[in-house]
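A.B. asks: Protein chains in written order, with full-length UniProt numbering: chain A, 1 to 506; chain B, 1 to 506.
Calculated from the structure, these hints are not laboratory results.
Nothing false has been slipped in among the hints.
Since the list gives no way to pick out one identical chain from another, each pair is judged satisfied if it fits inside one copy or across any two copies.
Heads up, simulated BS3-like pairs for lysine-lysine below, C-alpha to C-alpha not over 25 Å straight-line:
1) Lys123 - Lys334
2) Lys472 - Lys55
3) Lys375 - Lys470
4) Lys32 - Lys429
5) Lys467 - Lys375
Here's the letter readout for the chains.
Protein chains: 2
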Amino acid sequence: MTDLLDRLRAIVGAPNVLTEGDLTAYEQDWRKRDRGKALAVVRPGSARQVADVVKACAAAGTSLVPQGGNTGLAVGSTPDASGKQVVLSLQRMNAVREIDGANMTVTVEAGCVLQSLQEAAEKAGYLFPLSLAAEGSCTIGGNLATNAGGTQVVRYGNTRDLCLGLEVVTPQGEIWEGTTGLRKDNTGYDLRDLMIGSEGTLGIITAATMKLYPMPAAQLTAWAAVPSLNHAVTLLGLAHQYLGAGLTGFEVMGQFALSLVVKHFPQLRVPFAGDASARASAPGRPEPDAAPSGGSEPDTVGSVGATPWCVLLENSDSESEDHARTRFEALLEKAFEDGCVTDAVVAENLAQAHQLWHIRESIPLAQAEEGLNIKHDISIAVSRIPAFVSSTDALLRSEIPGVRLVNFGHLGDGNLHYNVQAPADGDAKAFLRDEEARVNGLVYDAVEQFGGSFSAEHGIGALKVDKLEKHKSPVALGMMRAIKRGLDPQNILNPGRVLRAETFSS
Amino acid sequence: MTDLLDRLRAIVGAPNVLTEGDLTAYEQDWRKRDRGKALAVVRPGSARQVADVVKACAAAGTSLVPQGGNTGLAVGSTPDASGKQVVLSLQRMNAVREIDGANMTVTVEAGCVLQSLQEAAEKAGYLFPLSLAAEGSCTIGGNLATNAGGTQVVRYGNTRDLCLGLEVVTPQGEIWEGTTGLRKDNTGYDLRDLMIGSEGTLGIITAATMKLYPMPAAQLTAWAAVPSLNHAVTLLGLAHQYLGAGLTGFEVMGQFALSLVVKHFPQLRVPFAGDASARASAPGRPEPDAAPSGGSEPDTVGSVGATPWCVLLENSDSESEDHARTRFEALLEKAFEDGCVTDAVVAENLAQAHQLWHIRESIPLAQAEEGLNIKHDISIAVSRIPAFVSSTDALLRSEIPGVRLVNFGHLGDGNLHYNVQAPADGDAKAFLRDEEARVNGLVYDAVEQFGGSFSAEHGIGALKVDKLEKHKSPVALGMMRAIKRGLDPQNILNPGRVLRAETFSS
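Excised from the complex, chain A in its bound form (with noise of 0.2 Å):
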């Protein structure tokens, strides 16, 4: 093992392999629900030296486990417990290589902050779209390891549409130099995509070429109370038909959901939530004159009881905000219309827009505040959700009497984030550790009943490699093991990631 860090210090400098003092940051996993022990953290600073580490490593018979912001949800980018795994961090791979405005892309590093990649295409004029709460620390190469999601995948897709090219080391230390800008491209099998969202098992993404978007001239908010689920789809469909591809956000909440922010973070005011008083300084209501109340009074009742469902929408305009605005208003009014929305406001500014997103971004924090809960990420068909909702609801109801279900997320994507809070008078604590494996057989035995996935947007990592197992069809199952094997024969990136070693070693 001496031999092998010597080596390694040789390729990437000394002071770029850390094998001493706190390594926290490197070995525990963003929810600290892990913690491992690395042989050493390696910060190479180009492909070359990443792949002459990933060389040194498979001679010495020692995995690597390649990280980014170490920002993942699924423990996917931390060593195990033996002491004898190399952390492969990219954090120092960090370059914006190129913006090119004509060809509206651009060429970045893995190790680049997401936000400082967002920032960089903003100041050449051009919007990249991918935005999610971690967007301060997690970087580009992860998003891409993970085919990160987020909230403007209603109109830009994941991470996997965002990209065009990418630079990867391979298994056996080879440089594939994929970093084309190109849009049409079929040469061969899709090994792009491949390496996306394959969470470092396959290669170690060192570079890629991700797609630039036009900065919308406007980008309006609003915020509508909807009677149930199902009128929150057909508000979706409206969406999309009057505003086309100006639809970048839609969020569904729960009032349950909303409730926990009201009670937590009471200083937000949380449209159509509390009495007649807050409701007149909730942000961006519209005046009455204004307000798209398709011929009669919208239902002004002010409680979060009588708002069972809230939604977010974002609208982001190519023209202008007067524009914007119309079209806000013509899909509202259709909406009241055809009763699928009781109540609306549209935020008169960038100021009330936020504070709009704030809300719904705060239902995590208001959760933990209320104490510890059985987080999923799902998707189902869009149009089964109202279905798998009340089904799955009551299910858990009869099983787990006063249990309580925090439903909110990205309906323009059918992506939910199901989760389950202990009863109001119970031990939050006693109930994650005596219920949560039946919750999630619970839960996860549904989502496959109606056709969905168990892992929308955070993947398998170490932790969901059992769920793997028990809700994939097990033809992919295999093909996947026979890709894995013929791509890394030698099990020297991430082992135990995604697929248990043991199910396809040669």
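Given chain A, put chain B in place with the hints provided.
C.D. replies: Showing chain B alone in chain A's frame:
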């Protein structure tokens, strides 16, 4: 072999195992470059039958050639000359299984003709945007197997981007049921995209779930004269900015390409071609007061000779025709001001729009009228296309005096049909015979120097296996071979297509 044929008859029924009569439609490729001989053409009616056919063939050591509409341009779906391969035609599996409006998806069997799928979507009130010349005969399974492009890629992407899930029969005769309608699913490797574009060498696509889009409220087409390819690229940037996702088509056509249309189809009235009287009757030419002339009369010299490049733009609007027209006018006004457009017409109605598209689509036919030529389907980063064209034009003109260059294509996607026509006074047949290999070498080497692809839309098939070996990264080729070996170790599916068999057999 009689045993195998009996087994195949037992599986799909005797009338669906063709061994006699005229099998040209199955054995000859679309462009009639190759004619093979099949042991039999088998026409299964279900995924189960496909799986059983694959098992029977695998047991007999007989390889299969999956086939859809057999309209491919790279000889990827016809049998070799051995008389030992089974052609597996998916044409009987042509059902539209389900249209899910709320989820905006359609699930369809592989053998469904593209145009039938477009029509089924339209009947349900949605747009299925894939559109290409062969749409009346090609099948969605073939589109997926080759990742077909077409004219709407600038907005909707290639076939890959329209697909959410697949049903696939593996080389072992297992069925992977992957037709989920999920927009987010991060449970393991991206097998869907690996199958898409693999040209039937890794699995047989039997059904797919595809995205639908809202029908645009209006679609407008414009035709603009631009002084150079650089100006066309600038216009593309403006179009992205002004039209946003409304930009659904951006085609460029060179002077010589259009002059061939003028010559061979004089009835077509190419805008800005010919004399003043011809111009006056050009479709959709705006009245002088409506012309966005940017303060000065546009260049009105009315010959193709003075209009080096023309661009066809399409704007699909989710609001109204009036709005689409206003946006087009704003774009063209700015383009006139910036000097990147010298003349423009906007079609007044659908018939005029069709006429403009018809001119664009007539270029290949006009080329054929002019005589045999050498075709290339290449892609380059949009920003580098002007430099590529000017340097490669110059190279070819110096190597082959008098050679004529037919440039046109989907500039919005960086995809050029860069075709080479014999000198005007030359013998086209002799030109093709004597010069094709040299011209291909010059063009593909130039494409490689510019970081482009030698097959943007059409794939590899049997026709370009040698080009793939020459121009593809050896690292990428190595990964492709490992994947093929892993998934199809017996090399039972479409052997010799994409990858030469000898280069990966285990």
